[in-house]
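Peer 1: The hints should help you fit chain B onto chain A, whose structure is shown.
One letter stands for each residue in the lines below.
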Amino acid sequence: MIDSVVVVVVQLVLAVAVTPVLIGVMRTTRARLEGRFGGGVWQPWRDVRKLMAKEPTRAPGSTPVLTVAPILLMASSLVLCALIPLASTLALESVPGDLFVVVSVLLLGTVALALLGLESGTAFGGMGSSRHMVIAALVEPTVLLSIYALSVPAGTSALAAIVQARRADPASLLNPVSLLAIFALVVVVIAETGRLPVDNPSTHLELTMIHEAMILESGGRDLGWLELGSWLRLTALLGLVANLALPLGIGQDAAPLTLVVGIAAVTVKVLVLGAALAAAEVFIAKLRLFRVPELLAGSFVLAFLSVSASYLVF
Amino acid sequence: MTPLALAFNLVDAGLLAQLLLGALAVVAAVTVPARLRNVLSGSLISVAGVAAAVTGTAALLGAVGTGLRIPVALPLAAPFEPLLLAPDRLGGLFMALAGAVVALAALFGIGYAHGPAASRTGWTAFAVFALGMQLVPAAADAITFLLAWELMAGGSTVLLLADHASRGQVRRATIWYAVMTHLSFLFLLAGFGVLAAATGGTSWATMAGGAVAAPVATLAFVLLLAGLATKAGLLPVHVWLPRAHPEAPSHMSAAMSAAMVKMGVYGVLLLTLRLLPDGPRWWAIVLIALGAGSALYGILQASVQADLKKLLAYSTTENVGLITTAIGVGLLLRSSSQFAVAGVALVAALLLAVSHAAFKSVLFLGAGSVLHATGERDLDLLGGLAARMPWTSVSFGVGALGAAALPVTSGFVAEWALLQSLIHVDARADRLLAIVIPITMGVVALTVGLGLLTFVKAYGIGFLARPRTPAAAGAHEAGPAMRAALVLGAVLVVGLGLVPGPLSQALAGAISAGGVSTTGGAGLLLEAADAVLNPVALTLLTLAILVPLVALNGVLARRHPRRDVELAWGCGGERTSPRMEYNATSYSEPLVRVFRSSLQARQLVDVVHHEDAPLLVEQMTFTQETGDVIEDRLYLPATRWAGRLGDLARTVQNGSIHRYVGFSFAALVLVLVLVALR
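Each protein sequence line maps, in turn, to chains A and B.
Sequence positions in the first sequence follow my numbering and run 1 to 314.
Sequence positions in the second sequence follow my numbering and run 315 to 992.
Looking at chain A on its own, in the form it has when it is part of the complex:
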């Protein structure tokens, strides 16, 4: 019990500390590849600190959703970081990081953002919210099927147990079932966190933005929570993919040494994965919104193939 609480606290602190750096690394990578200098690795951290010290504004007639939604998004992202095995596969006994629980906690954050977009009462907010929810709805089958495929060999839906089983059997990492599922999962992460080619995180072009449109009316502290919360989602999901694809270095208990190794491993993995994602983003353009369903349908087919293969081939 104490051990798993330690793991949870460590993962939370780790996630909050690594996240701004991850975003900084991704932005810097992209800037350098595009021939710009960029704001530096620490710029996101400075941005959040600045936003936290600014007053938020409120239009007359707005509801508490304006204040509650950013905190809810932040809380959902933090719970996600607590439940996903990042540094260690030791899970809380009463709340094992069950796949479906993790997905629904993720969706709580999605819903908070979508409601915030609608609350602003502008055309942009509604537009972003509508697109955001359509993508979230279409991504859902792939999310569940791809992790389902990975859970079949492990015989459980607890993420920690899946990661542990994959760690114990390195040969399973390279079989087609696992590769297909991981690929589908990467598409899911891209769609859920609003990266290219689904959404451009650095755009402010009115007609193409999704995430930015929803948070357009927020400012100050509210915006700070929103930014940090969305970044944390990226960290948590990248961490999950990294640990599923390559469960190397992740600890199985809360001993100090294994924890340190686990922290170092997951930090390196997440940063490398983030940099790779940013590098890939340089070479692709944003998809038209109505082409996104095709991408998601493609990833669904991969996930489906991977599930049937896991039954029929193995």
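Simulated from the structure, these hints should not be mistaken for laboratory data.
These figures come from a predicted structure and were not determined experimentally.
Errors might be hidden in some of the hints.
[To be verified] Pulled a few chain A residues facing chain B out of the computed Cβ check, cut under 8 angstroms: (1) T63; (2) V79; (3) E119; (4) A123; (5) V134; (6) S151; (7) S157; (8) Y311; (9) L312.
Glycine included, C-beta positions come from ideal geometry on N, C-alpha and C.
Peer 2: For chain B alone, coordinates are given in the frame of chain A:
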């Protein structure tokens, strides 16, 4: 006296109390003057509902009554056993469910019913409907079942007609409802007739005990399923739901959607678990296909509706579809001898039924409260209600969370159990399972995703942002009785979600499934799936994270307080009119495009040009109609053919007395010729 002996009396006494209270409610509705009628009739029906809930719960937990015999001699030619009211455990569950929903709906009705719904006929019809619905699952034989079924159908049809004088579409809706509900009855009658003839009795016990030949069993299954699916609102016989639910008075819609369609589900369970438990595998596949199709189609239609009550009606088709899918998966797994996981799937079906009853009551009652306050149920004309109707909007929000299957509501627990049963199927040795189960999983997941969108839309467009019309701006909070019903319902949605362990254990008892137990207080442990869900612990974990976060936010808020500005980010402009907001139609526009082939929305853009300069646009109107493909392709041709047959009949029967005399003469000659030939 032992507790068991007490319980013996509880079931019988409870049944008797329901009958008495129901009769009293009818008397009250007829005799009491108008100003007291709402309070008195509503409370009596509500108390009868509570009695049903208590009786049902006792029966669910294993109490057995001696049964109430109805002393009626029916002139029947078929083998015929006495009419008996004696709920078994499964029946007890559905009786409790119906009773609880009726109690909430009647409580709401005290404040809500007005005009024709508050008339003598209105309350009498509601009392009859409620009593019939509570007795359907108590029936221990087919005749009692059908009698109660018809009480339920008759009462609801009358109440549905309440507003027919003021709104023309109510009449059309009632005709659809009456036709479908009686088709359902005919199918049931035929199906039970086949079973009774084959087994030589009308009681469940005799029917279940008799050996039925496979073709006869299949005939009975198909007939009964057709009847039950019509009541449950499954595809393709769902057409009455999106018509009848919006037009009925809202407390009635809640009772119909949350409880009445569940009687169809009860029938399916009774049929497949008790009467014909050893059906072939394709029965299960039929159920899964029906259920998955209904779930996906229902939620897709719901997501593009702008009418709040129509949206909820389509979402009922979705939820019943999910329940049927879960039942189908359970039966399929039973036929593959995976009994433990099959039990989980069936428990998931019951959890879905219970949670749907809770959240759909709240949602329909919430919609009723909105309708009461604004006179509108078109989301495109609402907005900004959260500030004006705090109680309604919080309760509706909780209901929407449940419908979207988010933690920690009962909807989430049910969905979780269904998904757990799906991923723990052992499909390695079985090609059929290896194909059916992943497809089912995909359909369920897409349904969940679209459900999320639907309820974000319903809540966000209806309750948040700024009011789009003066009617919405002038909304007022509901009265105390309506508020009480809403809050009680919302408490149920969350409360059932917090104690999934004991709840699932009780449900597992109803279908004698094992492998479900309570862990860590009230958490749910599925032994077959080796999966734990402890919503209380999850809530505590969330609170442990949320409380410091809120505290930090509070500290920051004290240092840099929030500032009210007329226009947050206007760049010197003025705040745009609420007409610029996204509305329900525009919210689902991307979805209409993505699924255009199955939704077939008709969009009409009407442009009025400027008189002097034809290139300038003076006014533009956009209207969108989302049709029902199934209705267009199936029902329109069917009614057209029926009409043509009628026309043909008219050429034979044209009213001319000469022709009729001619017919008689021809018939006489024919008979004489036949006799002569022999």
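Peer 1: Each of the hints needs a verdict: does it hold here or not?
Peer 2: Okay, the hints, checked on the actual structure:
no., hint, in the structure
1, T63, "holds (5 angstroms)"
2, V79, "holds (6 angstroms)"
3, E119, "holds (4 angstroms)"
4, A123, "holds (5 angstroms)"
5, V134, "holds (5 angstroms)"
6, S151, "holds (6 angstroms)"
7, S157, "holds (6 angstroms)"
8, Y311, "holds (4 angstroms)"
9, L312, "holds (6 angstroms)"
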